[in-house]
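Novice: Taking the hints into account, I'd like the entire structure generated from these sequences.
Chains A and B, in that order, are what the protein sequence lines are.
Following the numbering used here, the numbering of the first sequence begins with 1 at its first residue and continues without gaps.
Following the numbering used here, the numbering of the second sequence begins with 1 at its first residue and continues without gaps.
Note that these hints are calculated values from the structure, not bench results.
Quick caveat, the model's predicted, so the values are computed rather than measured.
Backbone N, C-alpha and C define an ideal beta-carbon position, used for all residues, glycine too.
Careful: at least some of the hints might be erroneous.
Some chain B residues well away from chain A (every beta-carbon gap over 10 Å; in silico) [unchecked claim]:
#1 D76
#2 L80
#3 E89
#4 M157
#5 A160
#6 A206
Pair by pair, the computed Cβ-Cβ distance ranges are [as the list claims (entries may be wrong)]:
#7 B/P82 / A/G75: 50 to 56 Å
#8 A/E3 / B/Q67: 32 to 38 Å
#9 B/K209 / A/G126: 46 to 52 Å
#10 B/N224 / A/G101: 23 to 29 Å
#11 A/F120 / B/T285: 44 to 50 Å
#12 A/G29 / B/D218: 54 to 60 Å
#13 A/I31 / B/E386: 50 to 56 Å
#14 B/N224 / A/T27: 50 to 56 Å
#15 A/K130 / B/W77: 42 to 48 Å
Derived, one-sided and incomplete: chain B residues facing chain A with beta-carbon distance under 10 Å [claimed, not checked]:
#16 A128
#17 R129
#18 T131
#19 A138
#20 E143
#21 T149
#22 G152
#23 A158
#24 A228
#25 N229
#26 L236
#27 R283
#28 L286
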Amino acid sequence: MSEKPFTGTAFYAFLKEHKLMGARCPTCGAIYAPPRPFCPACFNAELEWVELSGAGRLASYSVIVIAPTAMIEAGYGREHPYCSGVVELAEGPCISAQILGVDVAHPETIAIGTPVKVAFIERGEGEAQKTFLGFEVVP
Amino acid sequence: MQRKPGRGVAIVGAGMSKFGAFPGLATRDLFVEAFRELLASVDKGFDARDIEALYIGNFSSDLFEGQAHTAPIMADWVGLTPRPATRVEDACASSGVAFREGLIAIASGLYDIVLVGGIEKMTDLPTARVTDTLATAADVTYETPAGFTFPGLYASMATAYLHAYGATPEAFLKVGLKNHENGALNPKAQFGQRIADIIEARKASAAKKGKPIPTWADELAFLNDERANPVIAWPLRLYDCSPISDGAAALLLVSEELARRFTDAPLYVIGSGQASDGATHDRPTLTGIPAAQRAAQLAYAMAGVTSADIQLAEVHDCFTIAEIMATEDLGFFAPGEGWRAAIEGRTARTGDRPINTSGGLKSKGHPVGASGAGQVVEIWKQLRGEAGARQLPGEPCLGLTHNVGGTGQTCVVHIFERR
Ligand SMILES: [Zn+2]
Numbered sequence: 001m002s003e004k005p006f007t008g009t010a011f012y013a014f015l016k017e018h019k020l021m022g023a024r025c026p027t028c029g030a031i032y033a034p035p036r037p038f039c040p041a042c043f044n045a046e047l048e049w050v051e052l053s054g055a056g057r058l059a060s061y062s063v064i065v066i067a068p069t070a071m072i073e074a075g076y077g078r079e080h081p082y083c084s085g086v087v088e089l090a091e092g093p094c095i096s097a098q099i100l101g102v103d104v105a106h107p108e109t110i111a112i113g114t115p116v117k118v119a120f121i122e123r124g125e126g127e128a129q130k131t132f133l134g135f136e137v138v139p
Numbered sequence: 001m002q003r004k005p006g007r008g009v010a011i012v013g014a015g016m017s018k019f020g021a022f023p024g025l026a027t028r029d030l031f032v033e034a035f036r037e038l039l040a041s042v043d044k045g046f047d048a049r050d051i052e053a054l055y056i057g058n059f060s061s062d063l064f065e066g067q068a069h070t071a072p073i074m075a076d077w078v079g080l081t082p083r084p085a086t087r088v089e090d091a092c093a094s095s096g097v098a099f100r101e102g103l104i105a106i107a108s109g110l111y112d113i114v115l116v117g118g119i120e121k122m123t124d125l126p127t128a129r130v131t132d133t134l135a136t137a138a139d140v141t142y143e144t145p146a147g148f149t150f151p152g153l154y155a156s157m158a159t160a161y162l163h164a165y166g167a168t169p170e171a172f173l174k175v176g177l178k179n180h181e182n183g184a185l186n187p188k189a190q191f192g193q194r195i196a197d198i199i200e201a202r203k204a205s206a207a208k209k210g211k212p213i214p215t216w217a218d219e220l221a222f223l224n225d226e227r228a229n230p231v232i233a234w235p236l237r238l239y240d241c242s243p244i245s246d247g248a249a250a251l252l253l254v255s256e257e258l259a260r261r262f263t264d265a266p267l268y269v270i271g272s273g274q275a276s277d278g279a280t281h282d283r284p285t286l287t288g289i290p291a292a293q294r295a296a297q298l299a300y301a302m303a304g305v306t307s308a309d310i311q312l313a314e315v316h317d318c319f320t321i322a323e324i325m326a327t328e329d330l331g332f333f334a335p336g337e338g339w340r341a342a343i344e345g346r347t348a349r350t351g352d353r354p355i356n357t358s359g360g361l362k363s364k365g366h367p368v369g370a371s372g373a374g375q376v377v378e379i380w381k382q383l384r385g386e387a388g389a390r391q392l393p394g395e396p397c398l399g400l401t402h403n404v405g406g407t408g409q410t411c412v413v414h415i416f417e418r419r
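Specialist: What follows is the structure in structure tokens.
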């Protein structure tokens, strides 16, 4: 469905179009998200893009208080902690993302297994604008 | 097929700098300090000019001190140019892997005498930039854009672990308490203080400043107090995290047939295993480290021993949860039992499974590229009966080191025997 190479650049370009894309191996059926250029399960090197449903569940998480520079610049830090997590997608693979719609003031209330759906987080202005992968709790 | 080294390799000398924060000292200065101690540690004496090659573990002097290409500088500063000097980078496992490269070089027959080092200088940068630099050991395309820091990634393994096994964060605090107990007996440790000592120091400082003197019922109350022990990445708090450190360590490796020329008490390297893995989210489990499990299996098989035979281990406790997972990955406890063992004191010096008698990365300090070599220094001391106040009784003769890079993209395990 796309001729784009299986690169991080392509993954984030799709994200900017609000598409969560993975790679599918036509030989063994394995799905990879993040996408890969090469199937480690069967060593096939000809993969294809597949759009993912964006549904998943929270597999693990942390509420981060001491933030890296990029997140401080996005307004987070000691006074505004945020949640990052690993999401197990409905299609099987797991991926890292920021988790929205959780109570970061009470991290013990965040439950592993909670259903989440994809969210697209826009940061930066103009040319520097970039879309980041997020998931939000399904109400 | 089970591989063996082409010939045996032994350690005949070891040294390390003090670990801590040392303004004004660069990696080369710390390495010289470690090398001086190594020279003095060779029982029958030794001519440094007999060293044939150097393997130096270093994660990121490039970002930490603006200096790349560090291995030849170390060679130069201890007078060993023009010998080949190779830098090895596998994040926090850099010097554990450098050790393995030194082992392989001797086992191949190419060299008889090799110097292995580990160096890191982290404290010149402000905390946010140290956080950024450590995060480069994760996947900067797919992990750090999610906001993950290094503590954040281990914290996410911690929430997975707590959920999977019904464990309590008290187990994490117990690991920190125990490693501070051990580190208080290690003159090289960054924190030569028990948590109880830190509490008393806090009270004394408040009294001196005329402020209200804080009270905590016990050490766990102190560790559960958000003001005293703030959250870094929930559920991990400050005392769950290894510190930002400077330090260096050095080890002298020789072929087995030369060992007794240098000492009557060499340590024989009988097992070595290394494995790699992908990003944290891309693994079959978040409650253990698959590369550590595999590296351990390879090392045990090479050594012809099992986890039950190991009498002491230095494991990679960059975070308290990491020590608990390590004790399971190495087979000391069943999956899901490591947290209970920590609470029951089984990993204390007096327990049946002593872990991190040095104080571990938590208390001894974690100058990342030096940590793997530093672990071997502790095994060297314990197996030779030279560990002073923290010496294990019963003349242990079999020890293990477990050194992790990133969150488990690299793991390297070594097993050492005193015969
Ligand atoms: Zn395939």
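Novice: Holds or violated: the hint that B/R283 contacts chain A, with Cβ atoms closer than 10 Å.
Specialist: holds, 8 Å
Novice: Can you verify the interface hint for B/N229: is its Cβ closer than 10 Å to any Cβ in chain A?
Specialist: Violated - the Cβ of B/N229 stays beyond 10 Å from chain A, reaching only about 12 Å at its closest.
Novice: For the pair B/N224 and A/T27, does the Cβ-Cβ distance stay inside 50 to 56 Å?
Specialist: holds, 53 Å
Novice: Are all C-beta atoms of chain A more than 10 Å from that of B/A160?
Specialist: It is violated; B/A160 is separated from chain A by about 4 Å at its closest Cβ, not greater than 10 Å.
Novice: So, B/A128 near chain A? Judge it on the closest CB pair being under 10 Å.
Specialist: holds, 5 Å
Novice: Quick check on the hint: B/L286 CB to chain A CB, less than 10 Å?
Specialist: Where the cut-off is 10 Å and the nearest Cβ of chain A is about 5 Å from B/L286, the hint holds.
Novice: For the hint 44 to 50 Å, verify it against the beta carbon of A/F120 and that of B/T285.
Specialist: With a Cβ separation near 29 Å, A/F120 and B/T285 fall outside 44 to 50 Å, so the hint is violated.
Novice: Since B/L80 was said not to touch the interface, does its Cβ keep a gap of more than 10 Å from each Cβ of chain A?
Specialist: Holds, because the least Cβ-Cβ distance between B/L80 and chain A comes to about 38 Å, which exceeds 10 Å.
Novice: Can you verify the interface hint for B/G152: is its Cβ closer than 10 Å to any Cβ in chain A?
Specialist: holds, 5 Å
Novice: Verify that the Cβ of B/M157 lies farther than 10 Å from every Cβ atom of chain A, and report whether the claim holds or is violated.
Specialist: For B/M157, whose nearest Cβ neighbour in chain A is about 7 Å away, the distance does not exceed 10 Å, so it is violated.
Novice: Answer holds if the nearest beta-carbon of chain A is closer than 10 Å to that of B/A138; otherwise answer violated.
Specialist: For B/A138, the interface hint holds, since the closest Cβ of chain A sits about 9 Å away, which is under 10 Å.
Novice: When the nearest CB of chain A is found for B/T131, is that gap smaller than 10 Å?
Specialist: Nearest chain A Cβ about 5 Å off; hint holds.
Hints 4, 5, 8, 11, 24, 25, counting from the list given before, are not met by this structure.
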